[in-house]
Amino acid sequence: DTAVSQTPKYLVTQMGNDKSIKCEQNLGHDTMYWYKQDSKKFLKIMFSYNNKELIINETVPNRFSPKSPDKAHLNLHINSLELGDSAVYFCASTMNSPNTEAFFGQGTRLTVV
Amino acid sequence: AQSVTQLGSHVSVSEGALVLLRCNYSSSVPPYLFWYVQYPNQGLQLLLKYTTGATLVKGINGFEAEFKKSETSFHLTKPSAHMSDAAEYFCAVSYDQGAQKLVFGQGTRLTINP
Chain A
4 DTAVSQTPKY
14 LVTQMGNDKS
24 IKCEQNLGHD
34 TMYWYKQDSK
44 KFLKIMFSYN
54 NKELIINETV
64 PNRFSPKSPD
74 KAHLNLHINS
84 LELGDSAVYF
94 CASTMNSPNT
104 EAFFGQGTRL
114 TVV
Chain B
136 AQSVTQLGSH
146 VSVSEGALVL
156 LRCNYSSSVP
166 PYLFWYVQYP
176 NQGLQLLLKY
186 TTGATLVKGI
196 NGFEAEFKKS
206 ETSFHLTKPS
216 AHMSDAAEYF
226 CAVSYDQGAQ
236 KLVFGQGTRL
246 TINP
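Chains A and B, in that order, give the protein sequences.
Here the first sequence stands for residues 4 to 116, numbered as in the numbering used here.
Here the second sequence stands for residues 136 to 249, numbered as in the numbering used here.
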């Protein structure tokens, strides 16, 4: 039974399109995140939601819009996709504490052509 | 600002040899430190973490790490490498920004030679 699940696992799309990535966690956590891993494997936080409220919003283009319909779901919508958006996007969830384990999804590999 | 530096983007050891992956951090407050492992085409999995207390932390799969405040280091070791240890390893520091914010190092790819 997958703890943090993301869909789709792979996404290939053309420049200018709009796409969404979905994430769901069944761990009962209050806090969910989106991280981006670039082609050099570098991981950086994008957003964090706590119980549907936006908590962390890093310097990310406003083409990226997270949406949390409830505390078990955090989706990422990307408008007007650019080549530079190609990356692996990871969803994660934690209890609401800075010293707790983060549980990661398997990632969504986005390729913009 | 918090930051993490992993020395060596690629480490290669022989099966049965000692594994040492280096991590240094910069933090203005007492840090929470983590090591995560990423197998190919997978998400990240926690190996171990340091929060408070004992500075030698044991994790899964025989890994351990020692928090050394004076050296601002949190190096990861394993006495005897196994082929299944081949993966990407990430050191991270966490701090509270209303929610956990993990700041990752650039990662170290561990290769195990038979």
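Simulated from the structure, these hints should not be mistaken for laboratory data.
Be aware that one or more of the hints could be misleading.
Stated by the list, open to error - A short, non-exhaustive set of chain B residues, derived as facing chain A with CB atoms under 7 Å:
| id | residue |
| --- | --- |
| 1 | Ser215 |
| 2 | His217 |
| 3 | Met218 |
| 4 | Asp220 |
| 5 | Ala222 |
| 6 | Gln232 |
| 7 | Lys236 |
| 8 | Phe239 |
Given the structure is predicted, the values throughout are model-derived calculations rather than measurements.
The beta carbon of each residue, even a glycine, is placed where N, CA and C say it ideally should be.
To see whether the hints hold, each was checked on the structure:
1. Because the closest C-beta pair between B/Ser215 and chain A is about 26 Å apart, greater than 7 Å, the hint is violated.
2. At its closest, the beta carbon of B/His217 sits 22 Å from a beta carbon of chain A; the interface hint therefore is violated under the 7 Å criterion.
3. Below 7 Å, beta-carbon pairs count as interface contacts, and B/Met218 has none with chain A, the closest being about 21 Å; its hint is therefore violated.
4. Hint status for B/Asp220: violated, given a least beta-carbon distance of 17 Å to chain A, over 7 Å.
5. Contact between B/Ala222 and chain A, as hinted, is not supported at the beta carbon level, the nearest pair being about 11 Å apart and thus beyond 7 Å.
6. Annotation: interface hint on B/Gln232 holds; nearest CB of chain A at approximately 6 Å, less than 7 Å.
7. Using the Cβ-Cβ criterion of 7 Å, the hint placing B/Lys236 at the interface with chain A is satisfied: the shortest such distance is roughly 6 Å.
8. For B/Phe239, the interface hint holds, the least distance from its beta-carbon to any beta-carbon of chain A being 4 Å, beneath 7 Å.
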